[in-house]
Amino acid sequence: MKKAISKIIFYLFVFLQLILTTILIVIITGKVYYKNLKYANIFYQFTNNIYMKNKKFKSNFIVKGLFGLAIGFVNGFFGGGGGMIAVPVMKKFMGLTTKQSHASAIFVILPLSIASTITYITTNALNISNGLPIIISVIVGGVVGSFLLKNLRSKIIEFIFALVMIVAGIRLIF
Amino acid sequence: MSIIIGILAGIICGMGMGGGTLLIPMLVLFLGFDQLNAQSINLVAFLPTAIIALLIQIKSGLVQYKQVWPLALFGLVSAIGGAYLTQIIEPNILKTLFGVFLAGLGIWQLVEIFVNKKKQTLKPILKTKKRFSKNTKKLNWLFRIHIEIN
Chain A
1 MKKAISKIIF YLFVFLQLIL TTILIVIITG KVYYKNLKYA NIFYQFTNNI
51 YMKNKKFKSN FIVKGLFGLA IGFVNGFFGG GGGMIAVPVM KKFMGLTTKQ
101 SHASAIFVIL PLSIASTITY ITTNALNISN GLPIIISVIV GGVVGSFLLK
151 NLRSKIIEFI FALVMIVAGI RLIF
Chain B
175 MSIIIGILAG IICGMGMGGG TLLIPMLVLF LGFDQLNAQS INLVAFLPTA
225 IIALLIQIKS GLVQYKQVWP LALFGLVSAI GGAYLTQIIE PNILKTLFGV
275 FLAGLGIWQL VEIFVNKKKQ TLKPILKTKK RFSKNTKKLN WLFRIHIEIN
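Residue numbers (my numbering), protein chains in the order written: chain A, 1 to 174; chain B, 175 to 324.
Source of the hints: derived by calculation from the structure; they are not laboratory data.
Computed from a prediction, not measured in an experiment: that's the story for all the values here.
Among the hints, erroneous ones may be present.
Claimed, not checked - Subject to a maximum C-alpha distance of 35 angstroms in a straight line, what follows is the list of computed DSBU-like cross-link-like pairs (lysine-lysine): (1) A:155 to A:91; (2) A:155 to B:240; (3) A:2 to B:240; (4) B:233 to A:7; (5) B:269 to A:92; (6) A:92 to B:240; (7) A:99 to B:240; (8) B:233 to A:155; (9) B:269 to A:91; (10) B:233 to A:3; (11) B:269 to A:99; (12) B:233 to A:2; (13) B:233 to A:99; (14) A:92 to A:2; (15) B:233 to A:91; (16) A:155 to B:269; (17) A:7 to B:240; (18) A:99 to A:155.
With the sequences and hints as input, model every part of the structure.
Printed below as a string of structure tokens:
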């Protein structure tokens, strides 16, 4: 019985995500179509954003809200990764620079993380006795990383990082 | 072992590359944590670093509150909803979905790296096309694909 319910919820979730992305794409294309470039199509728009750089593209309140819903859902459901979506969204759909979008992403993600942490703790998902050494070492590593290794970031490291992510993702699936 | 993984993830996080997304799979695959516990550990570990980073960024004046506040507001609602959904859904399905999410992010990042490389060479070609009639713009993405194949 419980299995059946969770299966139904799973399919509902997939369905909901499909609808949400469709609405998003329609709104974005609609806005782009009528206001910015009258005759460009959506594939062109996504493959290169030269036009967006010329005329600063800014999303309206509803589009921002939908993006916010998506970011919040990812951050709550997967316990992280909201920032990796927030930064490119801000860069491409709100006309912020890279530095601005990195700074603003933290501002957006922090309240979401606090809210979802409280939810995780109240539902007894957190096992603090296992996690304490890891939490402390992550904080130490974070301080070290932010002071020492800003200059090491390059295309090659990002490439390796992406590959590791794909491999880890596939390992988790199977 | 757990300390090494923690410090490694922290350093990646400090570089601003989303270390949390790597901490969770490392905990699950190498140390045998369950998915939910790993996620909540990641969230708790992220909080202090994020607070410090936010304070630094506010001082630098780069945070665009006016443009960004709707994201935070709507996100708050669905963050709580998403966190509750993890309780309802089966742990194995959660793990699979996280794997899909992670692989998708990785593929997207790869695409981003390669597209950015090619954009430089494409820019002048596309700019000349802008002068042509409106109907050619419609086919610009086709041209782009054609150029890429070449």
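Each hint tested on the structure:
| no. | hint | in the structure |
| --- | --- | --- |
| 1 | A:155 to A:91 | 19 angstroms, holds |
| 2 | A:155 to B:240 | 32 angstroms, holds |
| 3 | A:2 to B:240 | 45 angstroms, violated |
| 4 | B:233 to A:7 | 48 angstroms, violated |
| 5 | B:269 to A:92 | 30 angstroms, holds |
| 6 | A:92 to B:240 | 17 angstroms, holds |
| 7 | A:99 to B:240 | 16 angstroms, holds |
| 8 | B:233 to A:155 | 29 angstroms, holds |
| 9 | B:269 to A:91 | 30 angstroms, holds |
| 10 | B:233 to A:3 | 50 angstroms, violated |
| 11 | B:269 to A:99 | 33 angstroms, holds |
| 12 | B:233 to A:2 | 50 angstroms, violated |
| 13 | B:233 to A:99 | 14 angstroms, holds |
| 14 | A:92 to A:2 | 42 angstroms, violated |
| 15 | B:233 to A:91 | 21 angstroms, holds |
| 16 | A:155 to B:269 | 29 angstroms, holds |
| 17 | A:7 to B:240 | 41 angstroms, violated |
| 18 | A:99 to A:155 | 17 angstroms, holds |
When each numbered hint is compared with the structure, violations occur for hints 3, 4, 10, 12, 14, 17.
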